[in-house]
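Number of protein chains: 2
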Amino acid sequence: MQRNIINRIVELTGVEYPIFQGPMTWVSDSGLTAAASNAGCLGVLSTGNMPPEVFREEIHKTRDLTDKPFGVNLVLLSPGFEERLDIVFQEKPEIVSFGAGNPSKYIAPLKDMGMIVIPVVPSVALAVRAQRAGADALIAEGQEAGGHIGSTSTLPMIPQIVDSIDIPVVAAGGIADGRGIAACFALGAEGVQLGTRFIVAEECHAHDNYKEAVIGANDRATAVTGTSINAPVRALRNKLTRRFYELEFQGASLEEIETLAIGKLREAVMTGDTDTGSVMMGQCAGLIKKKQTVNEIVEELISEADDAFKRMGALSFNDGLMINSQKNLKKYA
Amino acid sequence: MQRNIINRIVELTGVEYPIFQGPMTWVSDSGLTAAASNAGCLGVLSTGNMPPEVFREEIHKTRDLTDKPFGVNLVLLSPGFEERLDIVFQEKPEIVSFGAGNPSKYIAPLKDMGMIVIPVVPSVALAVRAQRAGADALIAEGQEAGGHIGSTSTLPMIPQIVDSIDIPVVAAGGIADGRGIAACFALGAEGVQLGTRFIVAEECHAHDNYKEAVIGANDRATAVTGTSINAPVRALRNKLTRRFYELEFQGASLEEIETLAIGKLREAVMTGDTDTGSVMMGQCAGLIKKKQTVNEIVEELISEADDAFKRMGALSFNDGLMINSQKNLKKYA
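Heads up: the sequence lines are chains A and B, in that order.
With the first sequence counted from 1, adding 213 to any position gets you my numbering.
With the second sequence counted from 1, adding 213 to any position gets you my numbering.
Take these hints with a grain of salt, some might be off.
Heads up, the list lumps identical chains together, so a pair's fine if it works in one copy or across two of them.
Using 35 Å as the maximum straight-line C-alpha spacing, the simulated DSBU-like pairs for lysine-lysine come out as follows [as the list claims (entries may be wrong)]:
1) K318 to K502
2) K503 to K523
3) K324 to K305
4) K424 to K305
5) K523 to K502
6) K504 to K452
7) K477 to K504
8) K503 to K424
Calculated directly from the structure, the hints in this document are not laboratory data.
Construct the complete structure from the given sequences, taking the supplied hints into account.
What follows is the structure in structure tokens.
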């Protein structure tokens, strides 16, 4: 297999393209993960609150479906985390990523067993801490992403993190096409992670209503709830998010707000309830127009990114080269 | 004057570089505006709630300080807007931009008098409306910007707007260095607008405490208040923003919240009260490390952007070229 962009993320993970399929609870199972890895990206298995034995089975299924490297994502703050961590120690997937919390104390033990550890961080402070704890690379995720998010956006955050650490950075949050990929490389990232774009993949088992909600979404279709309890979540603006806002701006308790959330993501993904379920998606959903196979998605991303790289290479503020007009830009978009 | 990147924004505005200095109430007066225009960018005079005759004087002062084109920004929802609009009709600045609202009905009359109209928009819907109303170009501003903001971030928003209209797009929100400029061009923008970076310019009259607050800020230093009353504002996290949160999450009334805000930006900018004033700045403040002259800032932006363009031109997913390692990227940063 010929590798093209060869950087530290490609060398570290062994992927063909430094493009990660973002882990999405209930959404990115063995089928989607293996499809992404088979397409030359890094598939990442989501574990969410999976029962340990289901998680083990999903790792086995993924291995049956691909001989390429893939990752698993552990959510630090979710119930049953320790049991799922045990499964990781037993099954030894190539790459382990962490979300929602500070994974520092788990990094060394996992690396000692030969696994590559790539935590997801929403800030410079956590990036510095993760590097100090021995992380091999980082996924820096901006608040335009879907699901549980931080407060800083991708565009201003990536260069601040790149300037604060030495390990390679994978940019996540707000990326759905090749222009976004090229933009993140301009910011200093050596890889990108896309979640929402892969929801509409034919290999993704999410309910068709969920996929149609992504395709129907515009730039202002999402809302962030949970700010009042310091647990912001981005999802489609619907009856559920309006109910959250009512509670939050009436000073509702942590318990009232958390109770409302229980089971809502599962409803959206599995039973297709997009009115009262939690239809998590990023602000890039407005760029997603159709269902495609994972291979079609990846080929499109690659060729759009290469077009953007070409456009960029033709630009200069200082040597008189001409920039393409917007009309020509469109050709590449 | 030799122009380098020649695109529709350069041709439309007559600037040397398609870089706008963002209008900032109380901050971007005739001194900063003229300095930005003299450096080859588009200086934009902020009017905020300026008394009409002070506004007229500021236009005259700017004209005394530069023979280059500059813009004025009108805030649609601010008291006295109509009077300031009259001044614009009388003084005919080259470029007029609009913030906080829908300027559609003012566009044709201004263009009929030979002015170029470039509204600021936070969404695809307003972009489409502004183009339909005859806008010459648009400034698409993401929510990572300082001051009054929308809800969508720059990275996912720019390509969605570029795909929805034909007039050129200037990207704003989250940009403070040349990497951010290159990233926005990759997204399809033909220009960029930077506000926060120019606060620390020596030609900017803002209180030194305000400038030090920008230099001291990190990636998570800002907070967004006003969400509960649909008037989000981004500013430095301080006693004032904490007080806003208390009020908002206790279900305070529109009036209570608006009353708290009165005069707070002026306090921060003019008297340097950064504890209880509204110290508006963007999430890119963490990238800003020192005070510089406007010329130094612009030279740095240009050379950083050109370095990023070069890096991008060397990239390809499909023809085996090597990407620079992070260490080399740092050289360019």
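**Q.** Hints the structure fails to honour
**A.** none
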